[in-house]
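Using the hints provided, position chain B relative to the given structure of chain A.
Here are the chains, one letter per residue:
Protein chains: 2
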Amino acid sequence: MSYTIGLDYGTNSVRALLVDVTNGNELGTAVYEYETGEAGIILDSADHNLARQNPADYLKGIEVTIQAAIAQTRKADKNFDTNQIIGIGIDTTGSTPIPVDENGSPLSILESFKDNPNACAWLWKDHTGHAEAAEITELAQKEHPEYLAKCGGTYSSEWFFSKVLHCLRTDPAVFDAAYSWVECCDYIPAVLTDTAKPDVIKRSRCAAGHKAMFNDQWGGLPAKDFLAKFDPRLGELRDRLYEETYTVETQAGTLTEQWAQKLGLPAGVPVAVGAFDAHLGAVGSGIAPGKLIKIIGTSTCDMLVSESGRELADVPGICGIVDGSILPGFFGLEAGQSAVGDIFNWFVNYLQPGGEKAGSHEALTERAVTLKPGQSGLLALDWNNGNRTILVDQRLTGLLVGQTLHTRPEEIYRALIEATAFGALTIINRFEEYGVKVSEVINCGGIAEKNPLLMQIYADVTGRQMNISRSAQSCALGSCIAGAVVAGKKAEGYDNFSEAQGAMCGIKDTTYKPVPENHRLYTKLYALYKQLHDAFGTTDYSGKLANIMKDLLDIKDSV
Amino acid sequence: MSYTIGLDYGTNSVRALLVDVTNGNELGTAVYEYETGEAGIILDSADHNLARQNPADYLKGIEVTIQAAIAQTRKADKNFDTNQIIGIGIDTTGSTPIPVDENGSPLSILESFKDNPNACAWLWKDHTGHAEAAEITELAQKEHPEYLAKCGGTYSSEWFFSKVLHCLRTDPAVFDAAYSWVECCDYIPAVLTDTAKPDVIKRSRCAAGHKAMFNDQWGGLPAKDFLAKFDPRLGELRDRLYEETYTVETQAGTLTEQWAQKLGLPAGVPVAVGAFDAHLGAVGSGIAPGKLIKIIGTSTCDMLVSESGRELADVPGICGIVDGSILPGFFGLEAGQSAVGDIFNWFVNYLQPGGEKAGSHEALTERAVTLKPGQSGLLALDWNNGNRTILVDQRLTGLLVGQTLHTRPEEIYRALIEATAFGALTIINRFEEYGVKVSEVINCGGIAEKNPLLMQIYADVTGRQMNISRSAQSCALGSCIAGAVVAGKKAEGYDNFSEAQGAMCGIKDTTYKPVPENHRLYTKLYALYKQLHDAFGTTDYSGKLANIMKDLLDIKDSV
Numbered sequence: 001m002s003y004t005i006g007l008d009y010g011t012n013s014v015r016a017l018l019v020d021v022t023n024g025n026e027l028g029t030a031v032y033e034y035e036t037g038e039a040g041i042i043l044d045s046a047d048h049n050l051a052r053q054n055p056a057d058y059l060k061g062i063e064v065t066i067q068a069a070i071a072q073t074r075k076a077d078k079n080f081d082t083n084q085i086i087g088i089g090i091d092t093t094g095s096t097p098i099p100v101d102e103n104g105s106p107l108s109i110l111e112s113f114k115d116n117p118n119a120c121a122w123l124w125k126d127h128t129g130h131a132e133a134a135e136i137t138e139l140a141q142k143e144h145p146e147y148l149a150k151c152g153g154t155y156s157s158e159w160f161f162s163k164v165l166h167c168l169r170t171d172p173a174v175f176d177a178a179y180s181w182v183e184c185c186d187y188i189p190a191v192l193t194d195t196a197k198p199d200v201i202k203r204s205r206c207a208a209g210h211k212a213m214f215n216d217q218w219g220g221l222p223a224k225d226f227l228a229k230f231d232p233r234l235g236e237l238r239d240r241l242y243e244e245t246y247t248v249e250t251q252a253g254t255l256t257e258q259w260a261q262k263l264g265l266p267a268g269v270p271v272a273v274g275a276f277d278a279h280l281g282a283v284g285s286g287i288a289p290g291k292l293i294k295i296i297g298t299s300t301c302d303m304l305v306s307e308s309g310r311e312l313a314d315v316p317g318i319c320g321i322v323d324g325s326i327l328p329g330f331f332g333l334e335a336g337q338s339a340v341g342d343i344f345n346w347f348v349n350y351l352q353p354g355g356e357k358a359g360s361h362e363a364l365t366e367r368a369v370t371l372k373p374g375q376s377g378l379l380a381l382d383w384n385n386g387n388r389t390i391l392v393d394q395r396l397t398g399l400l401v402g403q404t405l406h407t408r409p410e411e412i413y414r415a416l417i418e419a420t421a422f423g424a425l426t427i428i429n430r431f432e433e434y435g436v437k438v439s440e441v442i443n444c445g446g447i448a449e450k451n452p453l454l455m456q457i458y459a460d461v462t463g464r465q466m467n468i469s470r471s472a473q474s475c476a477l478g479s480c481i482a483g484a485v486v487a488g489k490k491a492e493g494y495d496n497f498s499e500a501q502g503a504m505c506g507i508k509d510t511t512y513k514p515v516p517e518n519h520r521l522y523t524k525l526y527a528l529y530k531q532l533h534d535a536f537g538t539t540d541y542s543g544k545l546a547n548i549m550k551d552l553l554d555i556k557d558s559v
Numbered sequence: 001m002s003y004t005i006g007l008d009y010g011t012n013s014v015r016a017l018l019v020d021v022t023n024g025n026e027l028g029t030a031v032y033e034y035e036t037g038e039a040g041i042i043l044d045s046a047d048h049n050l051a052r053q054n055p056a057d058y059l060k061g062i063e064v065t066i067q068a069a070i071a072q073t074r075k076a077d078k079n080f081d082t083n084q085i086i087g088i089g090i091d092t093t094g095s096t097p098i099p100v101d102e103n104g105s106p107l108s109i110l111e112s113f114k115d116n117p118n119a120c121a122w123l124w125k126d127h128t129g130h131a132e133a134a135e136i137t138e139l140a141q142k143e144h145p146e147y148l149a150k151c152g153g154t155y156s157s158e159w160f161f162s163k164v165l166h167c168l169r170t171d172p173a174v175f176d177a178a179y180s181w182v183e184c185c186d187y188i189p190a191v192l193t194d195t196a197k198p199d200v201i202k203r204s205r206c207a208a209g210h211k212a213m214f215n216d217q218w219g220g221l222p223a224k225d226f227l228a229k230f231d232p233r234l235g236e237l238r239d240r241l242y243e244e245t246y247t248v249e250t251q252a253g254t255l256t257e258q259w260a261q262k263l264g265l266p267a268g269v270p271v272a273v274g275a276f277d278a279h280l281g282a283v284g285s286g287i288a289p290g291k292l293i294k295i296i297g298t299s300t301c302d303m304l305v306s307e308s309g310r311e312l313a314d315v316p317g318i319c320g321i322v323d324g325s326i327l328p329g330f331f332g333l334e335a336g337q338s339a340v341g342d343i344f345n346w347f348v349n350y351l352q353p354g355g356e357k358a359g360s361h362e363a364l365t366e367r368a369v370t371l372k373p374g375q376s377g378l379l380a381l382d383w384n385n386g387n388r389t390i391l392v393d394q395r396l397t398g399l400l401v402g403q404t405l406h407t408r409p410e411e412i413y414r415a416l417i418e419a420t421a422f423g424a425l426t427i428i429n430r431f432e433e434y435g436v437k438v439s440e441v442i443n444c445g446g447i448a449e450k451n452p453l454l455m456q457i458y459a460d461v462t463g464r465q466m467n468i469s470r471s472a473q474s475c476a477l478g479s480c481i482a483g484a485v486v487a488g489k490k491a492e493g494y495d496n497f498s499e500a501q502g503a504m505c506g507i508k509d510t511t512y513k514p515v516p517e518n519h520r521l522y523t524k525l526y527a528l529y530k531q532l533h534d535a536f537g538t539t540d541y542s543g544k545l546a547n548i549m550k551d552l553l554d555i556k557d558s559v
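Chains as they are written, first to last, in the working numbering: chain A, 1 to 559; chain B, 1 to 559.
Chain A extracted, bound-state conformation:
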């Protein structure tokens, strides 16, 4: 028997998962909620855009969760021996860069920066750099359009250089004190293997390629003179970043004696290079060419892979196309919706419709499930948090049309679910238009697990069967798989991801098949959605919209 551990750093907590490498069985798991800030996030009431985290929480989480997962496993299996643990994998949110000193230590642990959120980790959802993002996009469009072609045409405020440049502009003391900046997914493996010093740390291909415009085509990171145009100091920082990046089959190092003791693990266990949660989540859900993995939570990530050797067009509006970012030897393609569960949460928690009892997710779902497609006469755009794919525009907002004096909360709730399904279909269509075929859809994440209504609507809207990843912890399982691959066959792991996934992943028995009549109605509604989508989201729309309200009523009358 052999086991691996996956560490999955989410937005509010970190989870450790301990699995049996032979079959992916999950034997122990534990979660640690970050202690700093609100639900683990340092906020600023004066600036909605700010979201930071305390790196100390990340480190405490390692100990707490791994120890608890081991204890749980021991309890279930008296014969379990920690010496059977052969590898560790790590996934984190991103882009979540941390300013570090020459030793690779976060500046936030220095006394002088103790209470400065700019010295902490800049969480993925921090949008303070939105002006810098626009600036980077503008200059890249002019001078280096190739930088943007691989990341959907727009550089996001969520990404590495927007944040670093914003720090330079607004808190030069932190910027100047930072020897380098590391992604959270670089930092954790480096800490465990004592490779955190900026000159030895192994940087994640996934983070570099998707968020820092890293690509071998143009020699790695964006050119120094390009970065220097924003500020000479940004150009200089490039020399203290990296030339090389690594994919998840690479060993970041081996577990140090000190950490081994702290965690009760054997020293020398190989630790895989880190990657983003969605990317390893896709691995844990069985990603392979043609298999679209949808990680559905507050927002979604939609992941596909395509053989690296094959010709692959730059797909407009896709957030990222990076060689090896998901699986070594394959282009990783990342798309996503900026808000899915967050839209339903907004409706329930902010609008609180239907009074206090009738307005829960459960109560609304119970009533929404009785409605037929089109019956409400409503249609919504799923842009309450902007549109990531295919429009790549954070300054888009929500829209609801078709309400009458009789419209009820459950009708709006269902329209919001449908809107996210239409958004999901738009992403699938975009992939296929550019030759990336989708032959199977595997969903994972909390909403996919717990919301049969949503899954059925997704099947009905897309006309495709919806499968659910067998593991409820796909991201952590993906990290476990990475741990099994860095261990290798010699240590009772695997020599490649395909074998590891074959043994450790699967889908659930419950699947959702499209109902032809519903699909027919949703095809009509999607045509109207696409009209709104193009009219409000693109500048080249030249059609009219006076049909929308009437067509919705006609569909309503017909069901």
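Keeping only pairs whose Cα atoms sit at most 27 Å apart, straight-line, the calculated DSS-like set for lysine-lysine is:
1. B:114 / B:60
2. B:544 / A:550
3. B:550 / A:125
Worth flagging that the hints you see were computed from the coordinates, not collected in a lab.
Just chain B now, kept in the frame of chain A:
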């Protein structure tokens, strides 16, 4: 001292008002809630469009309310003598036609039709005839476009012939049993004066002109051969309808002995020809050339008058232009919004946002009042019940754009108020574009009385001062004024409406003046509203909409 009584038949109840003719002081008032159906309306759970009323409720209401109003006046003034009552005026909802027999009695009082809603009064908000309305519009557009030119270009399902034709088609037994059809505002004065027989009853110019395409230009009602094209029996009915119509300074007759005894009034008191509530409401609010009267309730009526001698264009989208429908000697112009208060009621009662306590009109208003124009980033269309003016399209629906993950109920509530203000401005602009000047705005109705936030927003959006009619019962007061005019100066009343209004009407001291900064912001928002309005409401819009969401965010950022 002399007094008049006004009877005001609303959607759910009838009110009697007893006023002092010298100054309009309101001495006694009483309300009777109709007993039949839900809140006085006979509904059909299988057909949302159906809304009927029991004529017996109308008659019982006369007794109950007049007796109570007299009792109240007596209590306040020991010297009050019912012999000082010199006239009675009546206003009702409309088009509310009633099928009657040869004696002018509603068919609903016959045993054979007792429980048949088709034999009752077809309330203004009954939309069962929507297919027939479309049919009438289509044929009129082809053969008699002049019929539609005076009523906004579209014949409504709320109007006389749509209802009568629908009855013919769906319940021929009722249609065949009906000798004629009378409007509620014709029926009540006829009952009080024993002039109900179809050959003697005096028909209201207001009802005939606004709802039955009656116009002297083409010889009264639509041509017999035109009506016969829908069904020969409809053509035949025309012979049993009317050739003449009368304005509100005309006496319908005098109070019968029997009614006088029942009500405790002197027999022989003159009763004015009836008119619609909004029209007499405009009279009671002091309508005169240049004075726009806005009656704001669940929906609005927007009334203007223009000298009959003057050249007056057909104003597209205005519901009706009828000589003498409001004041004798003036064209009455009627516009309106299909839903105002109803939209806020929908939000509060159907969506029930903010939990049970935080979602009342009061609680939402309290928070909405603290918001600045544009601050929410939201924009709505006020079409939850279609658009009466200027688009004349009942198959339009609501729209809300700009919502994010932080949007709160009070922000939407305010956006809905603003949407109705933008709708109001669109009506004012339409009048002025066609040469009907608006130099003053006088508001009346429950919402105008009780909602300072709404009134201030209307002032800020339109850039015009909002005045409020002094009487809280403008419609009933208008009926009292009609009663004073039919009485005439000889009986201590007035010989014309101008004198009567001068003595009996006024505005409140509290007025709402536009705040320049708010008006500046709302002018920007209105430009966006107009884009949405034209894009979704007209087929000739050729502009783009991709600016809408961004412009809303820019405005939001600027305040």
